[in-house]
Amino acid sequence: MNWRAMSGVVVLGLGAWALVSIFSTPQAPAEPVVWESSQQCAQCHTQVYDEWKVSWHAQSYTDPDVRAQTEDFTANKDCIDCHAPQPVFTTVLGERVLPRATRRIEGVDCIACHLMADGRMAGTLDNSSVACRPIATRDLLKPEYCAGCHNQHGTVDQWRQSKYAQPGPGYQDCVSCHMPHRDGDPQKGRDHTMHGGHDINIVRRAVDLRVTRENGAAVVEVENVGAGHNYPTDERSRASDLFWRPLGADGAKGEWRQIHRFRNPYRFEVDLVNTELPAGAKVRFELDAPESRGEIEVALFYKLNPLWADPQRPDPEREAQLVHSRRLAP
Amino acid sequence: MRRVACALAALGVLGCERAATPSIPAQQSALEQAAAARTDLRPVVAARIAELEAQLASAPPPALDAARLEQLDGLLETLAGADERLKRAAREDLRSLGPTSVARLGECLDDTSSSNAVRIAAAQALGELDHPLAARVLLTRLTAGRFTRDPDPWLRAHCAWRLGMGTQDWVVPGLLLCLRYETNNEAVIYIARALAHHRNFSGLDALYVVSRQDPAENLRQAALGALSELASAANFADPADLYRAWKDGDERLLDAPFSPAHELEVWRILKLFGEWQLRPVDDGRFVLSLEHHKVTPLLVAALDDENRYVRVHAAQCLERLGGRAASAGPRLLELIDDPQMTEQVMLALGALRYAPAEPALLERASPSRTLEIRMSATQALGALGLASSEPPLRGQLAEKLPGDLRPALLGALVGCAPANVSVQEARELRSFMVGGEVDSAAPELALDSWLIHRASVDEGSRAVLEAWRAIKGADSRERVSLRAQALDPLLGS
Chain A
1 MNWRAMSGVV VLGLGAWALV SIFSTPQAPA EPVVWESSQQ CAQCHTQVYD
51 EWKVSWHAQS YTDPDVRAQT EDFTANKDCI DCHAPQPVFT TVLGERVLPR
101 ATRRIEGVDC IACHLMADGR MAGTLDNSSV ACRPIATRDL LKPEYCAGCH
151 NQHGTVDQWR QSKYAQPGPG YQDCVSCHMP HRDGDPQKGR DHTMHGGHDI
201 NIVRRAVDLR VTRENGAAVV EVENVGAGHN YPTDERSRAS DLFWRPLGAD
251 GAKGEWRQIH RFRNPYRFEV DLVNTELPAG AKVRFELDAP ESRGEIEVAL
301 FYKLNPLWAD PQRPDPEREA QLVHSRRLAP
Chain B
1 MRRVACALAA LGVLGCERAA TPSIPAQQSA LEQAAAARTD LRPVVAARIA
51 ELEAQLASAP PPALDAARLE QLDGLLETLA GADERLKRAA REDLRSLGPT
101 SVARLGECLD DTSSSNAVRI AAAQALGELD HPLAARVLLT RLTAGRFTRD
151 PDPWLRAHCA WRLGMGTQDW VVPGLLLCLR YETNNEAVIY IARALAHHRN
201 FSGLDALYVV SRQDPAENLR QAALGALSEL ASAANFADPA DLYRAWKDGD
251 ERLLDAPFSP AHELEVWRIL KLFGEWQLRP VDDGRFVLSL EHHKVTPLLV
301 AALDDENRYV RVHAAQCLER LGGRAASAGP RLLELIDDPQ MTEQVMLALG
351 ALRYAPAEPA LLERASPSRT LEIRMSATQA LGALGLASSE PPLRGQLAEK
401 LPGDLRPALL GALVGCAPAN VSVQEARELR SFMVGGEVDS AAPELALDSW
451 LIHRASVDEG SRAVLEAWRA IKGADSRERV SLRAQALDPL LGS
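Protein sequences, first through last, are from chains A and B. With this note's numbering as the guide, the letters of the first sequence map in order to residues 1 to 330. With this note's numbering as the guide, the letters of the second sequence map in order to residues 1 to 493.
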């Protein structure tokens with residue numbers, strides 16, 4: 001086929017497509033739906049709903065720890081704002097969230113994140129013919145979107161200070177890590193389990209633990225290599241503790257001894273300083289105990305509750321999760 | 001025509017772009033419209049702060065020269081001594097130095113290398129100056145001491161004691177905040193006393209807790225003694241009467257208005273309500289909710305502030321003040337349709353028990369309204385507790401109610417007409433409490449109220465109420481499960 005024939009086929013094809021576009025029957029716009037529960041979303045978005053359902057966002061109002069600390073949000077109503085917020089878009093993106101009165105048990109749910117003031121849903125495409133009548137909006141991906149709640153503990157500001165917030169090829173934001181594309185494929189949409197500090201594998205990727213000897217002394221380094229915010233971020237609850245213990249020649253293990261705690265204290269603990277590790281930062285400790293010159297084990301632990309059963313004799317193996325462990329020969 | 005244009009655009013004929021994402025401008029315009037619905041919004045808080053700051057502005061006192069400093073240190077040593085005659089003279093001389101001595105006295109107060117007696121003498125001298133600058137130093141010490149895990153909590157108790165002897169009523173918000181975080185019960189007792197001196201009795205709760213729970217007998221007795229003294233000083237027969245009067249906003253506790261300095265402190269807290277961070281907001285809501293009910297007009301004025309968060313949180317404070325803020329009812333009712341705070345206004349009207357709000361609340365609890373508004377209106381009607389609300393609310397039970405509205409409606413019926421809530425309805429509340437489909441807290445509270453009513457009229461229900469109340473525990477799932485079983489004698493299993 002010569003080029004003239006080929007051009008003719010292309011023009012005819014495009015013309016036919018144009019005619020179909022012009023004269024085909026448009027899909028009727030869907031009736032507006034009153035959104036009363038995120039369970040309504042499950043009818044179409046089963047995968048997303050199932051992912052969200054096991055996420056910590058879904059448990060923000062029902063988590064027993066939170067309920068115990070707030071006396072079921074009755075004695076302390078101040079926490080409802082973030083734990084059962086009104087839809088972010090109706091409060092206005094970038095503003096502090098406000099508490100809602102209904103379906104609190106669903107926590108930070110589909111409606112809280114996607115419902116817009118006009119009753120449509122923020123999504124990835126425009127479509128008026130389906131029940132939720134989504135409107136494509138990139139605002140869903142913005143760090144300001146998460147800030148309404150998560151910057152109450154400074155997490156988004158920490159990210160803004162980091163290299164990850166700088167424009168360019170290294171730019172990564174909240175959703176890059178916490179809502180990655182499923183299987184890395186943009187066509188499959190974003191993972192709504194929103195893994196974070198409750199997932200020890202994410203925590204492990206955030207920090208590196210290195211141990212070496214310098215003139216016989218054990219030197220320990222912890223570096224925030226993977227978190228785009230402080231390690232650990234959040235306030236009060238989360239702590240990461242660095243311990244070491246001597247190892248005997250017969251395999252006997254000595255008692256754990258604390259080297260350092262990474263934590264941002266709660267508001268009334270202002271005599272304690274914030275020891276979180278900013279993105280990209282590292283800290284170094286040199287052990288001076290004579291026993292540390294023998295074989296030792298150094299370990300970094302992570303806790304979602306900062307308290308030890310016995311503060312004088314913490315038992316990290318029982319009360320915390322192991323992040324990294326390193327052995328160091330004499 | 002638009003479809004033709006877009007189809008041609010697909011062919012590259014026209015430069016028709018895909019519609020830009022409209023979401024955020026649309027949101028903003030919706031809120032702007034909402035705000036535009038009220039034309040009376042203005043910078044109430046900023047204007048009042050500016051006025052009061054101008055009114056209260058004063059030049060800082062001159063610094064003391066070296067000779068005067070030496071004299072002051074000597075006077076403090078004397079005041080810390082044992083000779084009563086010399087101490088009296090030292091007190092007079094220190095007082096005559098006036099506010100110029102505050103900076104040095106503050107240094108002495110904080111100097112941990114000084115003897116306890118000298119530090120106490122510094123607190124005494126600061127207290128006796130009865131000057132805003134001196135009170136600020138004492139309040140700062142009371143706060144900072146807590147923050148630094150002061151090894152000498154007695155010093156905080158001294159600071160509180162001194163703050164409770166002067167005329168600086170503006171320290172009340174600061175004292176209330178200290179009460180929130182104070183961990184030393186001796187200091188708590190003196191903070192509560194200082195508050196009472198300034199006619200704020202929010203410390204009574206803390207005194208009751210210390211009197212019942214402190215492991216040390218002497219502190220339990222000290223708290224009991226303080227309760228009796230405060231009641232007697234306020235002309236009440238016993239602490240329980242004073243407590244009730246305080247909670248009810250009794251007229252007998254109404255006296256002189258806030259001083260301008262006290263009012264300024266309140267406005268400064270209200271300004272913090274506009275901050276992005278919730279920490280000062282949380283503290284502010286706590287403090288203003290425990291303020292004297294004289295704070296009500298200020299909170300009402302803040303309902304007209306241009307900042308949405310100031311208005312919302314002011315309404316929340318009125319809700320938490322409850323009956324003590326009854327005078328806010330008329331203005332709240334006028335503002336019930338402010339679209340940026342309608343839920344908070346309704347809840348406040350209910351908590352205030354402002355009966356004239358009933359028709360407006362009933363209308364907003366009707367099916368023509370959004371679920372969020374119906375929910376808040378229903379809760380408000382339950383708090384309002386008028387028997388006349390029962391028929392219209394009960395009428396809605398026949399509907400298929402969405403979400404957690406049904407347990408809220410049943411809870412409201414308990415509030416309005418507990419005697420008419422049937423065993424079957426109580427069973428339904430029990431199902432909601434343990435079912436996991438709605439928040440267990442609301443049905444649990446409703447059942448608690450229902451049981452209290454039943455126990456008041458039915459001998460057999462008293463044992464159930466006692467068993468129910470005996471079940472405590474922070475784990476709500478375990479607690480409500482046990483409490484559900486405790487209801488078996490009344491409701492069946």
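It is worth saying that the hints were derived from the structure and are not from the lab. In this text, all values refer to a predicted model and were calculated from it rather than measured experimentally. Keep in mind that the hints are not guaranteed to be accurate.
[Stated by the list, open to error] With a cut-off of at most 27 Å between alpha-carbon atoms, the simulated BS3-like pairs for lysine-lysine come out as follows: (1) K142(A) x K188(A); (2) K53(A) x K163(A); (3) K400(B) x K247(B); (4) K163(A) x K142(A); (5) K142(A) x K53(A); (6) K77(A) x K87(B); (7) K53(A) x K188(A); (8) K77(A) x K53(A); (9) K253(A) x K303(A); (10) K271(B) x K303(A); (11) K77(A) x K472(B); (12) K400(B) x K53(A).
Results of checking the hints against the structure:
1. Only pairs whose Cα atoms come within 27 Å are accepted, and K142(A) paired with K188(A) is accepted, the gap being roughly 20 Å.
2. At most 27 Å may separate the alpha-carbon atoms for a hinted pair to count; K53(A) and K163(A) exceed this at roughly 32 Å.
3. The suggested pairing of K400(B) with K247(B) is violated, with an alpha-carbon distance near 39 Å, which exceeds 27 Å.
4. Restraint check for K163(A) and K142(A): the C-alpha separation of about 17 Å stays at or below 27 Å, so the hint holds.
5. Between K142(A) and K53(A) the alpha-carbon distance is near 23 Å, which keeps this suggested pair within the 27 Å criterion.
6. At roughly 50 Å between alpha-carbon atoms, K77(A) and K87(B) are farther apart than 27 Å, so this suggested pair is violated.
7. In summary, the hint linking K53(A) to K188(A) is supported, as the alpha carbons are separated by about 18 Å, within the 27 Å threshold.
8. Between K77(A) and K53(A) the CA atoms are separated by roughly 24 Å; this keeps the pair inside 27 Å, and the hint holds.
9. Our distance criterion of 27 Å between C-alpha atoms is met by K253(A) and K303(A), whose separation comes to about 22 Å.
10. Note on K271(B) and K303(A): the hinted pairing is violated, with a Cα-Cα distance of about 36 Å set against a maximum of 27 Å.
11. Between K77(A) and K472(B) the alpha-carbon distance is near 20 Å, which keeps this suggested pair within the 27 Å criterion.
12. Proposed proximity of K400(B) and K53(A) is supported: the alpha carbons are some 25 Å apart, at most 27 Å.
In summary, the numbered hints that this structure violates are 2, 3, 6, 10.
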